[in-house]
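A.B. asks: Sequence:
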Amino acid sequence: CCGLYIGFEEGQSHHVNYPFGLHQQYDLPWDYYSQRDKFFLQSHRCRRTLVPAGRACEPCGSILRNDVFVGILQRMGCGIHPNTPLIYMPIANLVETVRRKTDQCRSLKLTHLNLARKLLGKMTALDEHKQFVMAVASGRVERVAQLVQACLSNGVGIRGLVERYERACREVYNPKGFTEDDIMLGLLILRLGGARLAGIVHRAKGLPGISTLRQNTVIRPLRASAGMPT
804 CCGLYIGFEE
814 GQSHHVNYPF
824 GLHQQYDLPW
834 DYYSQRDKFF
844 LQSHRCRRTL
854 VPAGRACEPC
864 GSILRNDVFV
874 GILQRMGCGI
884 HPNTPLIYMP
894 IANLVETVRR
904 KTDQCRSLKL
914 THLNLARKLL
924 GKMTALDEHK
934 QFVMAVASGR
944 VERVAQLVQA
954 CLSNGVGIRG
964 LVERYERACR
974 EVYNPKGFTE
984 DDIMLGLLIL
994 RLGGARLAGI
1004 VHRAKGLPGI
1014 STLRQNTVIR
1024 PLRASAGMPT
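If you count by the working numbering, then the sequence shown holds residues 804 to 1033, one letter each, in order.
Think of the hints as simulated: they come from the structure by calculation, not from any bench.
Have a look at the derived ranges for each label pair, beta carbon to beta carbon:
hint, residue 1, residue 2, range
1, Arg920, Met987, 47 to 53 Å
2, Leu929, Asn957, 20 to 26 Å
3, Val871, Arg851, 22 to 28 Å
4, Gln827, Arg920, 43 to 49 Å
Just so it is clear, the structure is predicted and the values come from calculations on it, not from any experiment.
C-beta atoms are modelled at their ideal positions from N, C-alpha and C, and glycine is treated no differently.
Build out the structure end to end from the sequences listed, making use of the hints.
C.D. replies: Spelled out as structure tokens, the structure:
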């Protein structure tokens, strides 16, 4: 008896498709050997008796009924689930598993690098926002609302906002535009204190100048009245 001959489908080979590791994990009741690229399993109870060609003795034939061997045949014919323990996998599946895990590791590493880059950018932006908050809290620039409004209108980001705030602190940048409160306060100063005081406040506090105030002066229109002649 030469043992139980095991045939493999086209494209398969016992060198890479038989789970040799099971013999290390379990005390299987058979041995394996290869002869002229043919694969055989031989039972430990085989007596090497004379049998017809292509046949196996009863102990070797009983391997076909072994539960472990039945599982081997099923996995060889139907494929192996990715979550199958590695000890049940032949070399071909182990190589595929390693390749898949390597691709997953590379993908996760790339994702980690991208997340780290995004996190670094957000941390930088957060630091710049904190820097701007601290700068505003210092009170070195009075017309902060106008500065922010001008920067937002021009599409300036937080970095440019901090830069222009520092320039405003050094009095080398003066944001354009005034709020309604600025204009009304300037008009009040102009009416009560005159043009000289309005000019001083304009240079000292950045309120609207005299020409701007006069352009925004509200003059009540004259109306003709028959009852109350002028």
